[in-house]
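Chains as they are written, first to last, in our numbering: chain A, 1 to 402; chain B, 403 to 804.
Since the hints were derived computationally from the structure, they do not count as laboratory data.
Hints may contain errors.
Output of the computed footprint for chain A on chain B, the stretches with three or more beta carbons under 8 Å from beta carbons of chain A [said to hold, decoys possible]:
#: 1; stretch: 524 to 537
#: 2; stretch: 545 to 554
#: 3; stretch: 698 to 705
Partial list, computed: chain B residues near chain A (C-beta under 8 Å) [as the list claims (entries may be wrong)]:
#: 4; residue: H689
#: 5; residue: L692
#: 6; residue: R693
Don't be surprised by glycine CBs; every beta carbon is placed ideally from N, CA and C.
Number of protein chains: 2
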Amino acid sequence: MSTQEERTLARIALTWLAEPGTRSVYRLAARLGPVAALELLLDGGAPDEKLRATVAARVADGDARAVAAEAVARTERLGARIVTPEDEEWPARLADLKGLRLLDAFRRVDTETDPPLCFWVRGGWPLGEALERSVAVVGARAATGYGTHVATEMGYALADRDWTVVSGGAFGIDAAAHRGALNAGGLTVAVLACGVDRPYPMGNTALFDRIADTGLLVSEWPPGADPLRPRFLIRNRVIAAGTLGTVVVEASARSGATQTAHRALAIGRPAMAVPGPVTSAMSVGTHELLREHPKARLVTGVPHVLEEVGRIGADLAPPARGPDRPTDALDDDARSVLEAMPRRGTVGVERLASRAGVDIRTALRKLSLLEELALVARRDDGYALAPAPRPAARRPGTPASP
Amino acid sequence: MSTQEERTLARIALTWLAEPGTRSVYRLAARLGPVAALELLLDGGAPDEKLRATVAARVADGDARAVAAEAVARTERLGARIVTPEDEEWPARLADLKGLRLLDAFRRVDTETDPPLCFWVRGGWPLGEALERSVAVVGARAATGYGTHVATEMGYALADRDWTVVSGGAFGIDAAAHRGALNAGGLTVAVLACGVDRPYPMGNTALFDRIADTGLLVSEWPPGADPLRPRFLIRNRVIAAGTLGTVVVEASARSGATQTAHRALAIGRPAMAVPGPVTSAMSVGTHELLREHPKARLVTGVPHVLEEVGRIGADLAPPARGPDRPTDALDDDARSVLEAMPRRGTVGVERLASRAGVDIRTALRKLSLLEELALVARRDDGYALAPAPRPAARRPGTPASP
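With the hints as extra help, turn the sequences into a complete structure.
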């Protein structure tokens, strides 16, 4: 029986031998376990000719196990961590990628779309928890002022309602969505197509640092990995499958952003598009998506987005756990106040009252009750959810061991 | 047996007794004929209480038959004409209004949507022929620069492909669509909610004169009739039913323009909407339409519009009339050249060659052939379709007698 460390090393080595998403590798690892799968591949036993050639070329270049060990050491030096399906924080939702079949797929990135073998993560939040209530906001690099405005507003409004924003790391719509979420003090996740230590594009370095401080930088590639062109499309399946829905804000004709939406549709997740002026080249892709896919939904703002992902969110929410939880004793007002509490950070009474739809005196009365029940804690700058009922969240500076 | 003149007078009188579209009046006229229906109503024999009251109030105000005779005289003085279902130029398509049932209709204009009893028309084209290949382009009065631009381009491009543009007479999108069509030398039809002699709004007077010169001004109300508020909505059903499809370019929330689209959908015609910036109040109505009606189609330009109405157009096109037409002898190039000829006006050889997708020498060769077959005529300023194979079109200045 292999140890978890051996299995993690094998997963890293497999990721190095063939790009993430490669179906034959994923299936081999699922059937034999990563350690035996690695041994088989290194012994030249790949199940198909193409994979055998790929592995042979890689092996001629270096020792897969040594490369993996070096990646682990480098990850530790960075203060990042490696997350595998064996970790509690692994986002279970990614398993849906096993069923992803794109129509008319002719390029390799459209057929090799199986789930990731492991992630590199920078940032303190458990990955699965961060993605639990998340929406992807994606779009063109060469965004217009209009698109940038809409993406920033959308990132802000999602974060303000305690939804996690997920995007890539590109200029334009991606960066605007992250900035919006950061401005709202919310949680934002950048899924990169290169190492989490290697900001690409360089111009977004300061943004990546802000994201790593309060959100997450995530990648399927080890530290130092280059942002090779096909990796952006390989990465897109993770953005589509890791979130409850994908919104395309602006996209030119046949852009990568609309491909993320196609991946979302292919696994039954809502794909949404923001319309724009028909005179704008940056709205051609969103309009195409809306015209060509009967299931793609036109959205003009976060209320529309939440209509789509809310349904899915409700479906995926854990069922009630039994009759004797402290919240069962709450009346409607107290429940509203509790539900209006931000997932993270503190909130003032006035803001809370307005979010809960109650007057300030009611809010104060219900907060006292919630404090007594240890559901809410008073802080210097307002009220926060009490940490007790939530699963242990790893804070920045305490990375999990790989 | 009544004469056609008596029947026309009765239709006018009925239109005066109750607003056009009133279901009980339309059905009475359909069952008894307009003359007997008028007699019945004037004798106090209206089939329902409401209509009896409406008629009584009108009759207290004047003599219906005298009002009708005066309307006929005034129409003749104007150089306009009255068109009834007994005329060859009546647009048969309007009969579809008999089946119009709007969901959730609670206002009278949403339930009284039967076909018109007669039209007043200014302009030389036979009404039915003008509407045969027509698209409605409608939208907000308070259009933005974006909407005005899109409507003008759309009017131009439709007219350039020999489609008739149909709209109301309002500022904003309506006026822009007409101007686009006029700039392309095309046929445009303004359906008014007041008399055809009574330009409303006044600011569009010059536009109405241009439309009457080369296109048509059409109304269900006699000369001198006021543009009362409900009449705009009553009128909208004619725009929806008289055309092969309705495009809403810009509309605020719950505007009259989206109601035209709803009427089009209710009788199975394509309803289309042009998206715009989500930050624009003038695109709220178009986005609503696209979100709420699964059959409403997002269009970004005339090629998309023609995709929708083209199918309907093909359905409604008369079947081939037999094997011995002169066009049967044509080869592909000659047929392309003939099909590229504008429906009206002349075209230069270069433009024609480019529209037909042939080189100029081929175009000239095929034009000689088409001339010999009397399908095309050479003019001082280019080539035109020969008048012979087309139904006799009334030219301006030769109005039909009512």
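Results for each hint:
Residue count for the stretch 524 to 537 of chain B with a Cβ under 8 Å from a Cβ of chain A: 0. That is fewer than the three needed, and the coverage hint is violated. Interface restraint, the stretch 545 to 554 of chain B with chain A: holds (3 residues with C-beta to C-beta distance below 8 Å; minimum three). Note: the stretch 698 to 705 of chain B has 4 residues with beta-carbon separation from chain A under 8 Å; the three-residue rule is met and the coverage holds. Residue-level restraint check for H689(B) holds (minimum Cβ-Cβ distance to chain A is 5 Å; threshold 8 Å).
The beta carbon of L692(B) is positioned within 8 Å of a beta carbon in chain A (closest approach about 5 Å), and the interface hint is therefore held. Restraint check, R693(B) versus chain A: the minimum CB separation of about 5 Å is within 8 Å; hint holds.
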